[in-house]
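Asks: Next come the chains, spelled out residue by residue.
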Amino acid sequence: MFLQSKFFIAFISRLFGSGAKKDLETQIDRKGESLEIKNLSSSIATGEPVVTMKGIIIRFGEVTANNNVNFELRKGEIHALLGENGAGKTTLMSILYGLYQPQAGEIIVKGHKTSMKSPNDAMTLGIAMVHQHSLLTPPHSVTENIIVGLKESRGLFLNISTAEKKIIQLSEKYGLKIDPKAIVGDLAVGEQQRVEIIKALYRDVDILILDEPTSMLTPQEEKALFSTLQSMVRQGLSIIFITHKLHEVMEVSNRVTILRGGMVVGTVNTSETNETELARMMVGRPVIENIAHKGSSNNPVVLHLKNVSALNNANVMFLKELSLELRKSEILGIAGVDGNGQAELAEVIAGLRKVQKGEIIMDGKPITTLSPRKIRELGLAYVPQDRLETGLILEYSIAENLILDRWYFEKYSGRVFLKNNEIKNFAKKAVSEFEIKTPGINVPVNSLSGGNLQKVLMARELARNPKVLVVHNPTRGLDIGATHYIHEQLIKQRDAGVGVLMISLDLDEILTVADRIAVIYEGKIMAVMDAKDADVDHIGLLMGGKPSAVYSKKNEEEQNK
Amino acid sequence: MSLVTTLSQIPKKMRDVRTYVPFASASLAFVVGAAILASTDIDVGRAYTIMFRGAFGSIFGIADVLVKTISLVLTGLAVSVAFKCRQWNIGAEGQLLMGALGGTLVGISLVGAVPGLAIFLVLLLSFAFGSLFALVPAILKVKFGVNEVISTVLLNFVAILFISFLLHGPLKAPGFNPYSPAISDASEMPIILPGTRLHAGIFVAVAATVGVYYLWKTKIGFEIKSVGANINAARYAGMSITKSTLVTFVISGGLAGLAGGLLVSGVQHFLIEGISPGYGFIAVIIALLGRQHPIGVAVVAFFFSVLMTGSETMYRSLSIPTAFATTLQALVLVFVLVGQLFIIWLNKRQTRRLDLKEKWLAK
Numbered sequence: 001m002f003l004q005s006k007f008f009i010a011f012i013s014r015l016f017g018s019g020a021k022k023d024l025e026t027q028i029d030r031k032g033e034s035l036e037i038k039n040l041s042s043s044i045a046t047g048e049p050v051v052t053m054k055g056i057i058i059r060f061g062e063v064t065a066n067n068n069v070n071f072e073l074r075k076g077e078i079h080a081l082l083g084e085n086g087a088g089k090t091t092l093m094s095i096l097y098g099l100y101q102p103q104a105g106e107i108i109v110k111g112h113k114t115s116m117k118s119p120n121d122a123m124t125l126g127i128a129m130v131h132q133h134s135l136l137t138p139p140h141s142v143t144e145n146i147i148v149g150l151k152e153s154r155g156l157f158l159n160i161s162t163a164e165k166k167i168i169q170l171s172e173k174y175g176l177k178i179d180p181k182a183i184v185g186d187l188a189v190g191e192q193q194r195v196e197i198i199k200a201l202y203r204d205v206d207i208l209i210l211d212e213p214t215s216m217l218t219p220q221e222e223k224a225l226f227s228t229l230q231s232m233v234r235q236g237l238s239i240i241f242i243t244h245k246l247h248e249v250m251e252v253s254n255r256v257t258i259l260r261g262g263m264v265v266g267t268v269n270t271s272e273t274n275e276t277e278l279a280r281m282m283v284g285r286p287v288i289e290n291i292a293h294k295g296s297s298n299n300p301v302v303l304h305l306k307n308v309s310a311l312n313n314a315n316v317m318f319l320k321e322l323s324l325e326l327r328k329s330e331i332l333g334i335a336g337v338d339g340n341g342q343a344e345l346a347e348v349i350a351g352l353r354k355v356q357k358g359e360i361i362m363d364g365k366p367i368t369t370l371s372p373r374k375i376r377e378l379g380l381a382y383v384p385q386d387r388l389e390t391g392l393i394l395e396y397s398i399a400e401n402l403i404l405d406r407w408y409f410e411k412y413s414g415r416v417f418l419k420n421n422e423i424k425n426f427a428k429k430a431v432s433e434f435e436i437k438t439p440g441i442n443v444p445v446n447s448l449s450g451g452n453l454q455k456v457l458m459a460r461e462l463a464r465n466p467k468v469l470v471v472h473n474p475t476r477g478l479d480i481g482a483t484h485y486i487h488e489q490l491i492k493q494r495d496a497g498v499g500v501l502m503i504s505l506d507l508d509e510i511l512t513v514a515d516r517i518a519v520i521y522e523g524k525i526m527a528v529m530d531a532k533d534a535d536v537d538h539i540g541l542l543m544g545g546k547p548s549a550v551y552s553k554k555n556e557e558e559q560n561k
Numbered sequence: 001m002s003l004v005t006t007l008s009q010i011p012k013k014m015r016d017v018r019t020y021v022p023f024a025s026a027s028l029a030f031v032v033g034a035a036i037l038a039s040t041d042i043d044v045g046r047a048y049t050i051m052f053r054g055a056f057g058s059i060f061g062i063a064d065v066l067v068k069t070i071s072l073v074l075t076g077l078a079v080s081v082a083f084k085c086r087q088w089n090i091g092a093e094g095q096l097l098m099g100a101l102g103g104t105l106v107g108i109s110l111v112g113a114v115p116g117l118a119i120f121l122v123l124l125l126s127f128a129f130g131s132l133f134a135l136v137p138a139i140l141k142v143k144f145g146v147n148e149v150i151s152t153v154l155l156n157f158v159a160i161l162f163i164s165f166l167l168h169g170p171l172k173a174p175g176f177n178p179y180s181p182a183i184s185d186a187s188e189m190p191i192i193l194p195g196t197r198l199h200a201g202i203f204v205a206v207a208a209t210v211g212v213y214y215l216w217k218t219k220i221g222f223e224i225k226s227v228g229a230n231i232n233a234a235r236y237a238g239m240s241i242t243k244s245t246l247v248t249f250v251i252s253g254g255l256a257g258l259a260g261g262l263l264v265s266g267v268q269h270f271l272i273e274g275i276s277p278g279y280g281f282i283a284v285i286i287a288l289l290g291r292q293h294p295i296g297v298a299v300v301a302f303f304f305s306v307l308m309t310g311s312e313t314m315y316r317s318l319s320i321p322t323a324f325a326t327t328l329q330a331l332v333l334v335f336v337l338v339g340q341l342f343i344i345w346l347n348k349r350q351t352r353r354l355d356l357k358e359k360w361l362a363k
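Those protein sequence lines, which keep their order, are chains A and B.
The letter at position 333 of the first sequence is residue 333 when you use the numbering used here, and the numbering goes up by one with no holes.
The letter at position 294 of the second sequence is residue 294 when you use the numbering used here, and the numbering goes up by one with no holes.
Honestly, I wouldn't trust all of these hints.
Said to hold, decoys possible - Part of the chain A face toward chain B, derived, beta carbon under 10 Å:
#1 E172
#2 G351
#3 V355
#4 R373
#5 R376
#6 G379
#7 R406
#8 Y408
#9 I480
#10 A482
Claimed, not checked - Pairs of lysine to any residue residues, derived as SDA-like cross-links and limited to a Cα-Cα distance of at most 25 Å, are as follows:
#11 A:K419 to B:K143
#12 A:K419 to B:D16
#13 B:K219 to A:K532
#14 B:K348 to B:D16
#15 A:K354 to B:K143
#16 A:K532 to A:H487
Bear in mind the hints are in silico, worked out from the structure with no lab data behind them.
Each residue gets a CB set at the ideal place from its N, CA and C atoms; glycine is no exception.
Build out the structure end to end from the sequences listed, making use of the hints.
Replies: Structure representation (structure tokens):
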């Protein structure tokens, strides 16, 4: 008990120094005005290199993930690693973390040439990595996940309660709300990531790799995290920050290395560059897409949820009298932090989750108690978020997946047998129409890339000529090309008169594509607004559960100033 | 023509070691079986010779092999259909017995009927009895979420003991033994190879094999197979899990019931206790080894039938207990499964070698 609290104090003072703690709190209070943070970052003097990677080459089969990559991290800097999906950022960092062994090249950590065989080796050298996808063990508690592998947990008995206290203190310090007793498998993706960050903070590391840590956070939480990172580097930690978001690079980093197609495009000082230049280096073309938002508030309602309540998988009431109106010819974006009822909302509409209370009306007909098949027949198309586990059957061919929802249609089957020729024609048409890259319509879809999988799913759902289209995280894990393609398809559907409900964790995506935006928080819709009038700070507050009143008060105060 | 060019003309699949692993595994099972035999005073060479002579040495042997194959194919298909839908029906033995009961009841009462019609009714009733008995675990699962592995295993004993009760009571023919009365002549499956036991039931087995092959090309088959492949995706796409489960058990139980009906109508001609030497249990192994493919099931069923028939001859000639056949079957299962692990290991080694090659090229 005594030892561990001593350890904790040592840990905290190591992180923040004596005066830094207060400094951190004030920064969080200020909600990290970006201007001040920029000043902070430019004032940090960067020291000697702590990590040098030279001529790194790694191939996976045909794909060269890293081609002759050079990378250098200096002491006390935040170094952003910028690139599109598939540019090789995560691969490069996985090499540094000992997860992959490169086929060529050398790694020098703190002046010593090293070869890391496992994350344990990396940890010994003081390197920790927080992954984009959770690497925790679901059946175990938060505390167990955090202390696993530590020396203090290697005795015969685990001192869980001390560890729990430490975790609570850490989580309060960083505003990373977490229940140490919770079972990781029950947590939402966003919460699991918080556990990962605390797990890294819990260990005595001085080089921290963060793989897209903000993807699940609200803007406020994001800014608080950035302030935390700033004080950490001031105490001598060095941080590598993997991201594809330009504003994050500008806001938090000292230097930035840009990767494209597995190669380094360049390393620049953040203060000497701007977003446009970075974007050009990242994709080789300007990326700012500008899609005209449409006013849709007066269109007729095609999907109406009235006070709908539903349970989640753990039998907890997760949708709480949620009401929502989706109109014809609009894209309604549902913004929110992961685990606030998004999945339950989508499943309730699709008839996959029982409605406990309330009513759902689609195109004038009540669908509350209908089967998924009946609801689909009445005009619903649904692209679920887990395309691998729900949307598609991986060992099935493209053709089989395309008829998964319509195998019984007269067009595709007789009284007894399926009509193979009709199915083949349908598949061929879909493959050419949606530009699905595949060696043939009979190959199992598990051999396709993520973008092409999503195209198969979209092809099937859109071929229904739906009245209502529900899409959940439609572009998660896709590269820019595929993302753009999916967005175009959604807009095409909107223009054809379909009501599109787009549930997404990617706020940028919602701001770009949606005509109206609704914010979901703890199973309720906090507010609905036109995208034209949307204000990121406002949405951020709503995503964090702060009602609009707080925002208008804040606005008033600012105006009074 | 040199040896190398000759080899390269053989299709790639034929040159791949992995193609031969299952056969090599099965052979290894016989080697271990030989070791077991050698540990007693038995001449191993003679034992195996007698075993294969018993199965293939005479027309009677071959007929016997085929008769057993009928039962094994039907029960193997029954289990395969269930497994394809991820319904772990371990109750084929019980369903077979109930099918046998159904066939017997019709067979006894149809005296003087037209032969074709009588046989058709026997088959129909044995299918129906098997189906209805399989519906018990199916409904328990659909309505109350009862695990079908447990319910189907336990219902086997219900069926065995129920038959036993009937044969000692209501259904007992006059006399000392617990036998049912014989079925009518019209209900007996005709013998297609005079002088042997081979009956027309083999056509039923062939038809069932073809039927299951085409089942997966039908509407309901697609639904069942999708539910088995990914229950979430099937539900999401609008398929009915309840319907698929019920239909699967009806088909599965029906096929097992047919096997029972054919045992009565084609072989025994009356119902006795232990009419099946555990065909419904061996069927689980057959479905696993045959990878739930009808052709695979038919091939494995034939192979297992050879083992069973051969071991009976071994028992008669050399007094080697028939338990040895069961041991051999278990050994085959174990070795084939280990063979699968070996194939996985081969695949891994192949990718590792490619990696090394890449690494070498990168330098």
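Asks: Hint by hint, which ones does the structure fall short of?
Replies: 1, 3, 6, 9, 10, 11, 12 and 13
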